[in-house]
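Undergrad: Kindly produce the complete structure, drawing on both the sequences and the hints.
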Amino acid sequence: MIPALLFMLGIGAVCGIVLSLSSKVFYVYEDPRIAQVENNLAAANCGGCGYAGCSSAAEAVVNGLAPPSVCVISSKEGVEEVAKIMGVDAGAAESLFSYNMCEGGNRADNKYHYMGISSCKAMALVFGGKRVCGVGCIGLGDCVKACQFDALKLGANGYPVVDDDKCVGCGACQQACPKDIIVVKTLSEQLMKFNQAQDALAPCAQTCPAEINIPRYINQLREGKYKEAVQTIRMRNPLPLACGRVCPHPCEDECRRGIEDEAVSINQLKRFVADYEMNSGSRIPIKCAPDTGKKVAVIGGGPAGLSCAFFLRRIGHQVDIFEAMPKLGGIIRYGIPEYRLPKKVLDWEIQGILDLGIKDFCNVRFGVDFGLGSLMASGYEAVFLGVGAWEDYSLGIEGEDLDGCFKGIDFLQRFSSGEKIKLGKTAAVVGGGNSAIDCVRTLLRLGLEKVYIVYRRTRNEMPANEVEIVASEEEGVEFVFLAAPTKVIGDENGKATQLEYLKMELGEPDASGRRRPVPIEGSETLLDVEMVISAIGQSPDASFKEQDPHKRMTELELTRWNTIDNDPAILQASIPYIFTGGDSATGPALVVDAIGSGRRAARSIDLFLKGEPVEPVKDSLQQKRIPESIFTKVDGIKKTARAKMPEIPVDQRLDSMIEVDLVLPEDAAHKEAERCLNCCRICYNPDIDFPIAKAN
Amino acid sequence: MEYFEIFIAGVFINNILLAQFLGNCPFLGTSKKMETAVGMAMAVIFVLVMAGMITWIVDTYLLKALDVEYLRTVSFILVIASLVQFVEMFLKKSIPGLYAGLGIFLPLITTNCAVMGACLLNISNEYSFLGALVSSFSYAVGFGLALILFAGVRERINLARVPKPLQDTSIALVTAGVIALTFMSFKGMV
Amino acid sequence: MREMMSMIIVLTVLTAVSGGLLASVKSGTEDRIEQQIFKFQLAPAMNDIFGKVSNDPAKEKFEIEHEGIKYKFFPAKLEDGSKAVAFQTKGKGGYGGDVGLMVGIDLDSDQIVAARVTTHSETPGLGARAKDDPEFVSQFEEKTMDANLALKGQGGSIDAMSGATITSQAVTLAAIQAQDLYKKLKPEILKQIK
Amino acid sequence: MAQSLAKEFTKGLWAEIPPFRLVLGLCPVLAVTKTVENGLGMGIATTFVLVFSNLLVSLLRNVIPSKVRIACYIVIIATFVTIVELVMQAYTYPLFLKLGIFIPLIVVNCIVLGRAEAFASKNSPVMSVADGMGIGIGFTLSLAALGAVREILGAGTITIWGGNSVFDMATSFPGFNPFTFMVEAPGAFVALGLMLAIMNLIGEK
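Chains as they are written, first to last, in numbering that gives the first Met the number 0: chain A, 0 to 695; chain B, 0 to 189; chain C, 0 to 193; chain D, 0 to 204.
No lab work stands behind these hints, which were simulated from the structure alone.
A portion of the hints provided could be inaccurate.
Here are some chain B residues the structure puts well away from chain C; computed CB gaps all over 12 angstroms [what the hints assert, rightly or not]:
no.	residue
1	Ile12
2	Asp58
3	Tyr60
4	Leu180
Result set (SDA-like, lysine to any residue): computed pairs, CA atoms no more than 25 angstroms apart in a straight line [what the hints assert, rightly or not]:
no.	chain 1	residue 1	chain 2	residue 2
5	D	Lys97	D	Thr158
6	A	Lys23	C	Glu2
7	C	Lys69	D	Pro64
8	A	Lys23	D	Pro64
9	B	Lys31	D	Met194
Have a look at the derived ranges for each label pair, beta carbon to beta carbon [said to hold, decoys possible]:
no.	chain 1	residue 1	chain 2	residue 2	range
10	B	Thr59	C	Glu29	41 to 51 angstroms
11	D	Gly202	C	Gln153	52 to 62 angstroms
12	A	Gln195	D	Thr179	22 to 32 angstroms
13	C	Gly155	B	Ile53	52 to 62 angstroms
14	B	Ile53	A	Tyr26	18 to 28 angstroms
15	C	Thr164	A	Glu29	27 to 37 angstroms
16	C	Leu189	D	Thr179	44 to 54 angstroms
17	C	Gln153	B	Phe3	11 to 21 angstroms
18	D	Ser171	C	Glu29	38 to 48 angstroms
19	A	Val27	C	Lys183	55 to 65 angstroms
20	D	Thr179	C	Glu141	33 to 43 angstroms
21	B	Ser184	C	Asp179	30 to 40 angstroms
C-beta: ideal position from N, C-alpha, C; glycine also.
TA: Right, here's the structure in full:
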């Protein structure tokens with residue numbers, strides 16, 4: 000009895016002393032959460048989880064490599080406890096979901112006859128799989144086999160479908176997939192994903208500046224899943240209603256169907272599902288990641304600022320928008336006329352974004368009412384500068400300041416703000432872009448008798464959207480091509496009466512590929528107009544740089560076009576905590592460009608806030624094309640006519656600012672969606688070959 | 000020569016995993032990837048040799064001397080657990096490079112019956128100190144050998160189409176059975 | 000510091016309590032364990048070796064220490080009146096460790112009365128036969144202390160069990176050890192028996 | 000209370016039955032299941048340790064400092080293992096001999112330590128005992144089942160307590176030849192693997 004007692008006493012004391020001393024002597028700092036998590040794992044160190052013991056597993060959980068449910072013997076309470084500990088850091092606590100990029104569409108042909116074992120991994124080893132399409136899903140269901148939670152099925156078309164309720168985000172499927180078709184990402188990661196050279200991307204999705212997964216939402220529309228389609232769009236674009244109306248849809252230029260037939264009318268389909276949501280009377284809930292506790296200021300409530308704020312909010316940051324105008328929207332509120340984008344629609348859309356918990360402060364001008372100093376003092380850790388390009392270029396000709404002369408954006412904005420403008424009976428709008436068209440079409444609706452467009456090149460070179468040009472032609476605008484204004488002539492009261500211009504002829508093509516107009520000597524011509532509006536482009540108004548007394552402001556660099564200088568891949572300005580995008584960084588561009596750059600800036604800001612190096616997306620496409628995905632011919636297409644956009648007849652639309660373009664009816668939208676070839680989405684034949692494809 | 004026999008017997012004939020059935024949990028757990036298997040094998044060699052020595056000393060100079068051999072189980076496991084925890088803390092602080100490669104496997108070994116089992120076998124075989132050292136080492140090498148072989152096979156099996164009910168652990172066990180069968184042929188070698 | 004102290008104290012107290020508890024369980028079960036060992040390991044073997052005896056070997060057992068190891072000797076009075084002693088030795092080298100062999104030796108003629116395998120953990124069906132198969136161990140009967148009890152393959156006089164050479168060898172090693180021990184300890188054994 | 004108690008108890012019998020659902024504690028599972036008797040004996044010994052160590056860990060859960068908790072749990076478990084060892088030696092000696100080294104190795108059975116840490120250290124003593132009992136009985140049943148399969152195929156018999164054969168293949172199926180492979184080491188792996196597959200098959204439906 001005594002020796003046993005003494006022996007155990009001794010050995011216990013020795014072990015206790017050694018352990019407690021060495022825990023002090025060999026103390027190494029590690030994330031305190033690792034110990035907390037480890038305390039809630041089973042501590043059997045059994046290795047059943049595949050990690051080297053409980054502390055490695057705990058470390059993996061804390062580093063976000065393993066889910067809280069990593070432990071195979073832990074109780075449910077243990078898992079919840081771990082999840083709670085990890086909940087302190089929202090970034091890591093965000094639940095992961097599998098997400099498959101490739102889902103349904105047409106099949107790719109076989110390159111060879113495969114007779115090996117039924118495993119994607121095995122087939123991928125042989126020339127990257129038997130399908131002609133090198134990027135797509137192989138479809139033998141390695142991911143399904145890998146899933147322990149029954150959350151994956153091979154769907155009716157043979158591609159994997161994820162059941163979000165069952166998926167725990169363990170990542171087994173992602174590891175099993177040899178093609179990166181199925182990826183496990185948090186919502187934030189999905190939102191911050193940018194097109195990369197190795198992705199399975201249809202040409203349209205490569206082209207879209209906002210990088211919307213176009214084939215996915217068209218497919219969802221086709222299946223009647225309108226809500227899901229809207230959600231797909233909102234992963235990349237917070238303004239589907241606005242874009243569905245005003246986007247010049249560069250995506251359609253690359254549509255494979257357009258090679259043999261007319262391109263799919265992608266934008267009308269977007270408008271169809273977006274309008275469906277608005278008219279359904281209820282908003283589709285938008286998921287956001289848990290709060291991170293970081294604050295970001297977005298200056299400028301235009302498309303770029305709204306997009307940046309929307310995505311920052313969705314990945315968990317607190318965002319406040321500062322806007323100089325009385326209402327949010329920027330150029331799409333004040334630059335785009337009511338008949339193209341009704342204010343009611345825009346209000347509805349912006350409210351949806353604000354409902355995520357974004358605060359807006361309107362009627363405050365950066366540099367005047369607040370500055371960098373006050374933002375920093377209020378605890379904002381980063382700033383997105385999206386002030387747009389509102390400064391019209393002037394023609395630089397004599398008589399430009401006469402009564403009756405206006406500048407394009409200024410005119411549109413003043414009109415939209417409800418200002419009463421003294422109008423004449425005839426007007427000439429100088430310029431060939433969308434702003435010029437917006438001006439002439441607005442003027443027509445204001446009751447002018449004769450409206451001219453004066454443009455120094457020909458119709459072919461007009462940068463405005465084709466549909467806009469056609470609409471203005473229909474509405475009776477008169478085009479004066481190859482004309483360079485030289486003088487505005489006024490009467491004795493200083494009122495404009497005539498516009499003098501020189502006739503031009505086309506010479507050699509210039510850097511932009513357009514043929515340079517050359518003036519014809521002595522060809523001065525007079526046009527009788529009471530109003531002259533110059534809409535020849537804008538540049539950002541960077542007056543805030545001088546107005547803001549904060550010293551740091553002098554470090555902000557501008558380009559010679561007055562745009563804010565930034566690194567185009569990460570959109571960081573010369574002051575590290577300032578990011579910029581949209582027109583204020585690029586000069587006037589498309590709404591959808593601004594939306595894309597807003598999201599890209601959100602990604603950079605997120606990295607910046609997390610203290611990680613702000614690096615460009617690897618192999619980022621940024622609207623470059625993947626060469627192998629751009630075809631010159633497409634076989635087997637039966638020509639079917641593209642859906643025609645319904646619109647209000649010309650005789651009914653000129654009396655008011657009523658919206659001209661209408662949404663496609665449901666059956667037409669479905670018919671149009673059927674025309675989509677579902678490029679880069681499914682690359683195998685699901686009917687044959689393997690039992691796993693048949694069984695599921 | 001005697002030590003050579005102990006070594007061969009420990010590695011092949013009485014292979015701790017496949018013939019003695021000790022240490023099977025990490026055998027299945029850490030054999031999914033070759034990388035983990037190698038790390039685990041090294042860590043086991045490291046710990047088992049140390050544990051073999053220290054438990055032999057505890058047994059000979061304390062348990063037998065005090066005539067309290069029935070406390071062997073308690074004292075061995077306590078000593079092994081403390082030793083592993085100590086080594087882990089030591090490596091983490093002093094040799095972080097080694098810790099990253101090998102140390103992270105240490106906690107997995109605390110409750111590894113291969114370590115405890117080998118120490119108990121050393122005692123029941125009445126080895127001398129050197130004999131215990133050699134046999135601990137050989138058991139550990141045997142463990143590593145089986146683990147690495149098994150990991151290699153398992154990586155291949157991942158490519159094969161296995162009927163659903165047999166997937167994962169199930170097929171792994173059957174495979175382990177086949178490997179154990181090959182090890183049976185070493186019987187009678189010494 | 001308080002944390003360290005509590006770590007040491009809790010662990011020490013716990014191990015001490017454990018030691019005390021185990022010591023009392025041990026002392027409570029000690030006698031019974033001894034009986035069990037005798038009953039299940041030694042008694043059946045001894046029965047086989049000696050047949051009927053007129054004394055109680057378990058009660059009269061004595062211990063002799065030789066080269067640091069304590070050996071238990073069980074004296075027996077056989078039916079024919081002759082005296083014998085039984086003791087256990089271990090042969091190294093079986094598959095699962097050692098093979099225990101109980102050897103009974105006639106004190107007058109110095110011949111082996113019989114031998115039986117007591118403990119083994121050999122492969123069932125093969126090595127295990129050493130325990131169940133009387134033929135193999137019966138070869139030791141009536142062998143003198145000078146007989147070469149090694150396997151025939153190694154120049155001795157014992158036939159190995161077919162398919163179980165390793166076990167057979169372990170058994171013969173135990174038998175040779177018994178011869179050796181008996182020869183060295185005979186005077187002391189006689190002194191103890193009186 | 001009664002309901003959750005029943006839940007903790009029954010989950011060990013199917014939902015979390017070791018070693019099938021929780022692939023843990025494999026060493027004794029493979030090593031001692033040559034016969035039903037061995038399997039049952041091992042299972043009961045493990046259950047005893049599970050129940051009492053769960054109880055004690057649960058009682059002491061607020062006293063033990065977290066840095067030495069593993070060491071403390073191990074001491075508690077090892078103490079009960081030694082008690083089992085001594086008691087088995089005193090009362091079921093033949094079984095003790097057959098189980099051999101695997102009795103002390105209950106200490107390092109991941110199931111025991113796993114339950115102590117994952118369950119008992121966070122729950123009340125009553126719950127912990129129910130949990131230990133459930134898991135222990137599940138473990139015992141699996142061991143016995145595996146033992147039965149291996150013994151029938153490998154030796155052709157089922158033997159329970161004291162060497163009485165309750166079932167003999169040779170009498171039921173004349174001409175049956177024992178499949179010695181099954182009682183050897185490789186057979187253990189294969190038998191467990193196949194039984195796991197059968198469990199999966201049943202679970203799927």
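Undergrad: Kindly indicate which numbered hints from before are broken by the structure, ordering the numbers from low to high.
TA: 1, 7, 10, 12, 13, 15
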